[in-house]
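4 protein chains.
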Amino acid sequence: MIIQLEKNITEANKDKVLSALSKNSFKIREVKTQISDYLVAIGKNEFDIRLIGNMNGVKDVHKVDDDYKLVSGKWKVKPAQIDLGDNVHIGSNGFTIMAGPCSIENENQIQGMVEFLLQNNIEIMRGGVFKPRSSPYSFRGVGIEGLKQFYRICSANKIKMITEVMEPEQIEEMYEYIDVFQVGARNSQNFNLLDALGKVDKPVMIKRGLSGTIDELLHSAEYVFSGGNEKIILCERGIRTYEKAYRNTFDINAIPVLKEKSHLPVIIDPSHGTGNRNIVEPITLAGIMAGADGAILEIHECPEKAISDGQQSLNFNEANKLFRRMEQTYDFRKQIYINALD
Amino acid sequence: MIIQLEKNITEANKDKVLSALSKNSFKIREVKTQISDYLVAIGKNEFDIRLIGNMNGVKDVHKVDDDYKLVSGKWKVKPAQIDLGDNVHIGSNGFTIMAGPCSIENENQIQGMVEFLLQNNIEIMRGGVFKPRSSPYSFRGVGIEGLKQFYRICSANKIKMITEVMEPEQIEEMYEYIDVFQVGARNSQNFNLLDALGKVDKPVMIKRGLSGTIDELLHSAEYVFSGGNEKIILCERGIRTYEKAYRNTFDINAIPVLKEKSHLPVIIDPSHGTGNRNIVEPITLAGIMAGADGAILEIHECPEKAISDGQQSLNFNEANKLFRRMEQTYDFRKQIYINALD
Amino acid sequence: MIIQLEKNITEANKDKVLSALSKNSFKIREVKTQISDYLVAIGKNEFDIRLIGNMNGVKDVHKVDDDYKLVSGKWKVKPAQIDLGDNVHIGSNGFTIMAGPCSIENENQIQGMVEFLLQNNIEIMRGGVFKPRSSPYSFRGVGIEGLKQFYRICSANKIKMITEVMEPEQIEEMYEYIDVFQVGARNSQNFNLLDALGKVDKPVMIKRGLSGTIDELLHSAEYVFSGGNEKIILCERGIRTYEKAYRNTFDINAIPVLKEKSHLPVIIDPSHGTGNRNIVEPITLAGIMAGADGAILEIHECPEKAISDGQQSLNFNEANKLFRRMEQTYDFRKQIYINALD
Amino acid sequence: MIIQLEKNITEANKDKVLSALSKNSFKIREVKTQISDYLVAIGKNEFDIRLIGNMNGVKDVHKVDDDYKLVSGKWKVKPAQIDLGDNVHIGSNGFTIMAGPCSIENENQIQGMVEFLLQNNIEIMRGGVFKPRSSPYSFRGVGIEGLKQFYRICSANKIKMITEVMEPEQIEEMYEYIDVFQVGARNSQNFNLLDALGKVDKPVMIKRGLSGTIDELLHSAEYVFSGGNEKIILCERGIRTYEKAYRNTFDINAIPVLKEKSHLPVIIDPSHGTGNRNIVEPITLAGIMAGADGAILEIHECPEKAISDGQQSLNFNEANKLFRRMEQTYDFRKQIYINALD
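Protein chains in written order, with this note's numbering: chain A, 1 to 342; chain B, 1 to 342; chain C, 1 to 342; chain D, 1 to 342.
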């Protein structure tokens, strides 16, 4: 059960609500986010929710029979829109493209990428500065100093920035130099990191685990929301299967299922979802038709020379064509669903 | 190596070709299909293919470094078009819809379905008469008599028909009452069945195995082609993964990869690929954008009463809307790739 | 519900039983096997089974709440023992070794193998004569003539023989030259083949599918049993997973779970379950400790020269050592469970 | 390439080695562990290793063609033995049992468990104080204060203790109250945590990821070793597959494969590997026969009342019987391999 509280509820009134819930054996978690104050009540008792709904200081009450609560679509019909500031949004309306290199390499690269993005009206740049690598001997990113450089150039050009955070301790030092925190696939169930990101007032994009379930992804999002941060974006990036013809199997089913189960925006990552630049375009357009709210794409001025993930990065020419077709495809999707009630 | 022979090659000239290949330690398989005569030569010797190419009676020679040969896209750039007669085609140009119930139930049902298909300009009806079921106690189909009835009604209405064949012995009795033989997922590596279908002059649609690889699917197709039948259609129907949120995980990556590796048409089965009627529509439209040549869909006048697979069948109203959007999506795909060289 | 009938039940008495079941909306399947006559009644009605149990001609009645019935361990506590004749048995007591080459190659090979097996007191030889191969161009076995030769040598030496059958049509021609029919992993859900094997009076060993579930394997066995043949052996041979370090992932959990769910004997195939001769031994001994009733092993006089599966075949020296340790391990398992009630 | 340095190598001599490597385009990582000083040289140049081997201050040089280096079995034939102090060891010789509850609940429980372990000569207790849980609303452990209590009781009774660490920041506060750090399956590729544990002088047990590969597990161990800590234990705990009959599929193949690829000890976790107390015993004994160096088991005085994982925990009576059989099985394994060169 989710109880939305009035912002100005008195302590006395809140105590009455808490006490009514406790009497009925509900465990309660108080959640204060950027947007609202909630009580999440977990319990199995049958209960007439109007008893709570009519109490002073209570704005609304919702039964949610999913195991996750705050991220469920059952209590919030309207899709969430995540605000990145400066009139940049993700979700609800419009299609968001995030693009950039797998790894930030140097200032020249960032500069060239920013120019390319500006030419294509892309508002968000991706780029790893801390790279999770299977081997300790692989390149592990330019680190915090690279991040500052990256952010300086991006913000000077009014480009928002998303990069991966790998542990709670990094959050503070990264905070000022980042617009969206990304939780990578290998950290999708790093609960301490998710807890810590719940205390932050910047958007968080959570990638599905290497072999994470839909349910686990939504529970990971619940960690962040119940920690106090409801600016959450979900990301489908392919799953691990027996098939060796591609790096990952992009799970297209996940898109409509996540959109149905949750009010959070869903971004696709066809670069990791395929691991193969030759099929990034058809999978991206497919993902748009399946209902995605945006896409994050690996691009590189010269994929053959990329420090990491060159085989799945598009060059500027390929990216340019794809961006145009993505826009057309999104417009087409909107158009065929205009006036449709389904 | 694939050697295409002239239809009128003399025995003497053919012997010369065979002998040249044998001398170079190639194992040879002679293949005569509806369209052409081939020699498939398997071997590892380095070889100047012009030596063969210039021999009398040889039309063309192609090196193919895939393990499968005749179904490879390496020797045949132009996509195959499968002719079902009466101007009905699958592949190469145009998008094909096959629709109908999971199982044929009775004459009334067929009649109602045929009318619905005619109203929607659908030229091919699906419907199982032999049903592979995990349990021996489940409904196992109306059998051969049902098939005759099914075919009679369909052909009277100029509707082509596809149904599943389960063993070599059934081919002969089914032959006159069928337009396309379907090989089901559980028989995707039933090599005796594939061999037998290689000797038939009707199209064969091969579904990918429950956890079949891309490579295995193409090898299964190679069985049919090398047996003498090149009227082959590939079908992506979802794979088995750890994810329990849906019956199968529809493998959208398979579409562009199969189209790249092979010249055969690729049909999608979003009904089995999702197991969930609520997401059949977005996955179907996604599959079109990813490059599919057609789709096979389970529909039922009243899915709630279907003998099998009701949970993944669309009702007529849903199907009607989807058909319209499929057409629009296919047109849109064609349009954005017009004048594109990529 | 399973109703065991007296062998001499009168038609009149049987009709009374059938009618009592029908009145309660049960669907009934009559099953006559080598051992007993059964009625399998499928239905959801609550029902006092004593009503049936007390009727004339009824030997016993059992409620079975699994979806599979006759193969369930719920109605038959005592493990089945499969009789191969000449005092050779599988299951219930004692450990069975089947060994031999992946493919029968020639008479010399069979002769050498038979001698080796005799020296090691192995009573059952394996060897494929019809080989399911992914590619149509691979060696596909010596066929029926090879089988006859194989059988002649084996029976002259009192060695029982198991080989794979690939389609219903082959059963009759193979029948006289075989002791156990093997259903391969790719045919584990070839329901027509399973149906046909239900009508045969020779034991059938069913391998789990490439990515078959426990439940599917038991249902496949139910096909054979409900067809009239209760001489069934289950075989765990590894499953397909994401892990590339071995050909298959041997599913050791399946052994105790199958033994608990069913009364049928469970044979392990560590050769396919690993695909790697270096680890065949530890996995075989592990499988014995987990409760297996026997093992089927690929061995070859010279694995490096084997036509197929050389990489997972043991040579005679390795096999000899392993056989000795298998015997010791089985004796050890028996000993630690003597006097144990668990 | 791994270069073992003499402990007392002079800076001048080391510089000569480094310079010889650099000239040949090797990237070098210096590693100082509790036991030795190493240079790990990564590069592709062909190189006569004797050139390095003969230099002053160099103890030994080894070519290692695996991607992981220090954890590879290629340079170190003798299995590692991890020293926990007070004459408690893991690996090389002898079989180690770690047992205890999934979660530490209270002092009484610890006290009862310690007594039970002492009676059974078990030297290491497991017990979670920080619990990674899919849902933020589940019990998440008693935390650091519980750990202190846990450690106090254990060390008073000369019982060593293993518990899970979830983030780098926790290491310092846990350090004094722990004997072995456990990295859980969800953190198996938390590279920052692995890096941090490389700087610690206490043993680290790394669990394989939920769908981690053998290769990834060894690379995760390489993080810790190359960070400076070579007290590493590997743990097979089951993988995620399509099979729903059990929580995880215990990967028995992993045991001999890990033992072959690495010199590190391999511990099995049959509780998580099955998720089902009914089959914990056969899988444990199987794992011993497959070559495991030890096992970690969930036990609980009253599994029905356990806060977490009750369905896979053994009660004291079951555990007591199992411990006895484990000992017998390990003795049996030793005995059948005595005098064996294989």
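Honestly, the hints are just simulated from the structure, not real lab data.
Do not rely on the hints blindly, as some may be mistaken.
Since the list gives no way to pick one copy over another, a pair counts as held whenever it fits inside one copy or between any two copies.
Lysine-lysine pairs mimicking BS3-like chemistry, simulated, CA-CA at most 30 Å apart [to be verified]: (1) Lys261 x Lys63; (2) Lys334 x Lys321; (3) Lys305 x Lys74; (4) Lys334 x Lys261; (5) Lys305 x Lys32; (6) Lys16 x Lys202; (7) Lys44 x Lys305; (8) Lys261 x Lys321; (9) Lys261 x Lys148; (10) Lys27 x Lys148; (11) Lys199 x Lys14; (12) Lys148 x Lys199; (13) Lys199 x Lys74; (14) Lys76 x Lys321; (15) Lys305 x Lys261; (16) Lys32 x Lys321; (17) Lys305 x Lys244; (18) Lys44 x Lys244; (19) Lys199 x Lys321; (20) Lys27 x Lys78; (21) Lys76 x Lys32; (22) Lys202 x Lys305; (23) Lys199 x Lys44; (24) Lys16 x Lys321; (25) Lys244 x Lys16; (26) Lys158 x Lys27; (27) Lys334 x Lys148.
Subject >> Violated hints, by number in ascending order, as checked against the structure >> reply: Going through the list in order, the structure violates hints 5, 6, 9, 16, 19, 22, 24, 25, 26, 27 and respects the others.
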